[in-house]
Amino acid sequence: MNTNRTTTETIDQDRRQLLGTAAIGIAMAGAASFDPSPLLAAPAGDAVYQTLKVRKNSGVLFVDIAALPMNLLGPELVRDLVALIQRAEADDAIKVLVFKSADPDYFIPHVDVTRIPQYRQEAAKLTGEASIALLFRHLSASRLVTIAQIEGRVRGAGSEFVLAMDMRFATRETAIFAQPEAALGAPPGGGGMQHLARLMGRGRALEVMLGAEDFNAELAERYGWINRALPADSLDSFVRSLAHRIAAFPAAVLAQVKDRVNAIALAPVEDFRRDSDLFGEASRSPEAQSRFRAALQHGFQTRDAELNLARLLGDLSAQ
Amino acid sequence: MNTNRTTTETIDQDRRQLLGTAAIGIAMAGAASFDPSPLLAAPAGDAVYQTLKVRKNSGVLFVDIAALPMNLLGPELVRDLVALIQRAEADDAIKVLVFKSADPDYFIPHVDVTRIPQYRQEAAKLTGEASIALLFRHLSASRLVTIAQIEGRVRGAGSEFVLAMDMRFATRETAIFAQPEAALGAPPGGGGMQHLARLMGRGRALEVMLGAEDFNAELAERYGWINRALPADSLDSFVRSLAHRIAAFPAAVLAQVKDRVNAIALAPVEDFRRDSDLFGEASRSPEAQSRFRAALQHGFQTRDAELNLARLLGDLSAQ
Amino acid sequence: MNTNRTTTETIDQDRRQLLGTAAIGIAMAGAASFDPSPLLAAPAGDAVYQTLKVRKNSGVLFVDIAALPMNLLGPELVRDLVALIQRAEADDAIKVLVFKSADPDYFIPHVDVTRIPQYRQEAAKLTGEASIALLFRHLSASRLVTIAQIEGRVRGAGSEFVLAMDMRFATRETAIFAQPEAALGAPPGGGGMQHLARLMGRGRALEVMLGAEDFNAELAERYGWINRALPADSLDSFVRSLAHRIAAFPAAVLAQVKDRVNAIALAPVEDFRRDSDLFGEASRSPEAQSRFRAALQHGFQTRDAELNLARLLGDLSAQ
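Protein chains in written order, with my numbering: chain A, 8 to 326; chain B, 8 to 326; chain C, 8 to 326.
If you are wondering where the hints come from, they were derived from the structure by calculation, not from laboratory data.
Among the clues, some could well be false.
The list makes no distinction among identical chains, and a pair is therefore deemed to hold if it is satisfied within one copy or across any two copies.
[Claimed, not checked] Here are the computed lysine to any residue pairs in the SDA-like style, where the Cα-Cα straight-line distance is at most 25 Å: (1) K63 <-> S244; (2) K132 <-> D278; (3) K63 <-> D322; (4) K63 <-> A325; (5) K63 <-> G321; (6) K63 <-> D278; (7) K132 <-> A54; (8) K63 <-> L323; (9) K60 <-> A317; (10) K63 <-> A148; (11) K63 <-> H145; (12) K132 <-> Q304.
Given only the sequences and the hints, what does the whole structure look like? Please build it.
Next comes the structure, spelled out in structure tokens:
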């Protein structure tokens, strides 16, 4: 397996492969046996990643997601996240991680549906289980304080990634949120059901996940999906200031507060595992495979078509 | 028992009966032994109901509540709801139920306090237990996706009915919400305590249920009582569009998402049963019977007086 | 121990003592053995307190907090709260307690960090345990309905006191909220972690408690910290009217609704106890003692400096 496949061309190969076959869902044996140990020698702030740009500044590690062409969550990004988390957790000088996107239109649009077994296998490098739900939950339970600074689209596993963060701030003008899995024939499997039901209550969580619609930042704030929607021109300084403020407080207390709040508001591992399994099973079903193929034929996983994914999915279902 | 008693006159007879006696609360033996099986032959979309008007359109069943004179939740309406639910659940072509009211002032104002044993007995036809709390919870747990489209007043069991729905959208201009039971000497018994404590948190739930005040749609949205308050002239098209969108997604996934969210955010059956019992006991107490009588003497259960029920109840208590 | 030490001068002595020694944290043996029984003879509405002004009016006891010079939660205030709660619970004529502040700038700013063992010991007079978390939880579980009418600053244990109330209403213009403990090296120990995680969800609760920032009333309302922010000129009449309305409803139903909501949304005693212990241990640690000293040197626990406590704590940590 080519571990450098990040170009549009390579992803298009995968899309063509899925369009031609329904049997990709269980090809897990072919996953890369990537060895991250050489990279671990470098401190988190100095490491070089394929899909992440990092900068360390007084206790805060700022991470830009830059997984060309549109920040799909695929094996490369998951591999880099695993390596980043391992290094940051091992570095006592780091207390806070800030995740943002190098792409103003896409924070993380969702997983690469053509490579589900591959990115799952990368997640197993950290947690021992082939599931991004458990990778994300690892971050929620980490001593590291995590902040999502959101521009552009966070949908599906992108939404679930930021839901696993400790705090979420988004640009009022450009951030867009969705949990569109139902439209494709699968339940959200990366922790979205666990987080959304707790953050926004039963009614709003069901609207979000059964309706598979796009939500703007203002509505996402009203629903509790994010902490706050802020004007684009103040978001960066707000997050930077908050991150440095927190990083100046004692690490032991930060971890203690996280532990106590997690004991109340973070779902147990087995619930994340169950959701992940349900997504895995559903995504291999004929119904989902057929919906994936139809979506890909209509531009799913391309920048232009996903600018308005909600409409694309609605049109597909109505056919 | 006359199963056609829906006129103002008949209800007034009940009110006069309650005004003259305190012994109606346990007259459950007199409840009708209505046999719904002949009606079950008709598909849900074609059936004729006494208090509901239904229209089926591509996977969505639109239900108008029309229980003259003011949509009180009494035995007729409960009987029809039971029959509707049974038919809809048996019809695989139906995925979504949309409930609205034929009466712009009253969605469901509350239960008919003069016929508590009777409507409870009707509920038992579906669940085996004489409790609307369990009837409503049945809907929450159903594979059917339910949407409340709210104009006018939802108070007491009316609020609890929409709280049992999967989503709630209301007109910003005209919808009014209350959980007024405490003013009448009983706790909310149809699931309101379970849903409100989870949706809006301890402080706001206690304000709503201990204060027994009316809330407009804007405040209900801020408190999480409803998903959203929308302008009256866009509510219908918004809900219709959302309902059809959902109905185009795979039924198995809709059920799966509901199950997983319910496992987190829907209270167990025994808590609904307990609340229902508490309401039943309290409603038969001398204190509640006396408050029911006083309220009825001041126009409770009439259209005009209930336009401002919050004030009526406040005046009563202050006497 | 001098039980009348409420002047600025005496508190300044305590501050000087803490500035000169790190060994005050475990001086619990010296706590006063105050006997409240003589005061219990007087009904709650007529009693005279050192730090509270009370007025009883048709079922409602209005309580003004007046603990000079700035309403710090110290042994005198806790002693008075214990006596007030005991009397009010013993007086069937009282159904509702309304707490407000005699000081427009400070409702309760936080505990007196120079007298932690002393105020904890006073709390034990009610609950048998030296913990204000358990004292506050006692109020939450009480049959008494409690309402916080908030002007000025509620931070730390002040925030936790109002979170223990059944409802919270604040002036839109002047109320300020914070849970600043992490900046001082300790987790919130008076129930803040339990309440905030449930009221506002994981992300916002972590932002509040890890960021230790000030929040205005409008944002506190959006986050669910309070029921509502109201204009200063209408707050008093709103709360008074609501309190009297509730006091006219049957006591048994008020208690029943509280019990059922508490069963859902109030954390168990052991979780409050655990948080209280964590705060107690952390507050005696060298890290926290050092941060307390530095804060006191910069004006902590003085009126002027705490007008902008968030900045003071940020400056301290950045040094």
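**Prompt:** With identical chains treated as interchangeable, where does the CA-CA distance between K60 and A317 reach 25 Å or less: within a copy, between copies, both, or neither?
**Reply:** neither (30 Å within a copy, 32 Å between copies)
**Message:** Within, between, both or neither: how does the pair K63, S244 come out at a Cα-Cα threshold of 25 Å?
**Reply:** within (16 Å within a copy, 50 Å between copies)
**Message:** One pair to classify: K132 and D278, alpha carbons no more than 25 Å apart. Within, between, both, or neither?
**Reply:** The answer is within: 20 Å in one copy meets 25 Å, while 35 Å across copies does not.
**Message:** Within a copy, between copies, both or neither: which one fits K132 and Q304 at a CA-CA cutoff of 25 Å?
**Reply:** Neither: 33 Å inside a chain and 49 Å across chains, both beyond 25 Å.
**Prompt:** Is it within a copy, between copies, both, or neither that the alpha carbon of K63 lies no farther than 25 Å from that of G321?
**Reply:** Between. Shortest inter-copy distance 20 Å satisfies the 25 Å Cα cut-off; intra-copy 42 Å does not.
**Asked** How would you classify K63 and A148 at a CA-CA limit of 25 Å: within, between, both, or neither?
**Response** within (22 Å within a copy, 47 Å between copies)
**Item:** Intra- versus inter-subunit Cα pairing at 25 Å for K63 with D322
**Value:** between (44 Å within a copy, 21 Å between copies)
**Message:** My question is about K132 and A54: at a cut-off of 25 Å on alpha-carbon distance, are they close within one copy, between copies, both, or neither?
**Reply:** Cα proximity of K132 and A54: one copy only (18 Å, versus 57 Å across).
**Item:** Intra- versus inter-copy proximity for H145 and K63 (alpha-carbon distance at most 25 Å)
**Value:** The answer is within: 21 Å in one copy meets 25 Å, while 46 Å across copies does not.
**Prompt:** With identical chains treated as interchangeable, where does the CA-CA distance between K63 and L323 reach 25 Å or less: within a copy, between copies, both, or neither?
**Reply:** between (44 Å within a copy, 22 Å between copies)
**Item:** 25 Å Cα threshold - placement of A325 relative to K63
**Value:** between (48 Å within a copy, 17 Å between copies)
**Asked** Quick one: K63 to D278, C-alpha cut-off 25 Å, is that within a copy, between copies, both, or neither?
**Response** This pair counts as neither: shortest intra-copy Cα distance 34 Å, inter-copy 37 Å.
Violation of the numbered hints given earlier is confined to hints 6, 9 and 12; the remaining hints are satisfied by the structure.
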